[in-house]
Amino acid sequence: MNNVHETCFEAPATPVTRSVFPADAHALIFRPAHSVTMSAPRRKNQWKLQFERRS
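Going by the numbering used here, the first residue of the sequence shown is number 183, and it counts up by one from there.
Rather than coming from a laboratory, the hints here were simulated on the basis of the structure. The beta-carbon is built from N, C-alpha and C at its ideal position, and this holds for glycine as well. Take these hints with a grain of salt, some might be off.
Listed next, with one range per pair, are the computed distances between beta-carbon atoms [what the hints assert, rightly or not]:
(1) P197 with T219: 41 to 47 Å
(2) P223 with V202: 30 to 36 Å
(3) T219 with T196: 45 to 51 Å
(4) K226 with V198: 26 to 32 Å
(5) A195 with K226: 30 to 36 Å
Required output: the full structure, derived from the provided sequences and hints.
Below, the structure is given as structure tokens:
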């Protein structure tokens, strides 16, 4: 995969429900890195969903 935004799976041919997002929407799902300067314990289940801006 050359592009970071490529997925490793394909969407099902027939969706179960209609999507609320546009067909050309691209999103990143990631877990932010823990800052080494923070002494607080890391929140293990904290994931981020970030959409790319459309022009």
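Consistency of the hints with the structure:
1. Checking the proposed 41 to 47 Å range against P197 and T219 shows it holds: the Cβ atoms sit about 43 Å from each other.
2. Distance hint for P223 and V202: a CB-CB separation of about 35 Å, consistent with the stated range 30 to 36 Å.
3. For the pair T219 and T196, the supplied restraint of 45 to 51 Å holds, since their beta-carbon distance comes to about 48 Å.
4. As the Cβ distance of K226 to V198 is approximately 30 Å, the hint placing it in 26 to 32 Å holds.
5. In this structure the supplied range 30 to 36 Å holds for A195 paired with K226, their Cβ-Cβ distance being about 35 Å.
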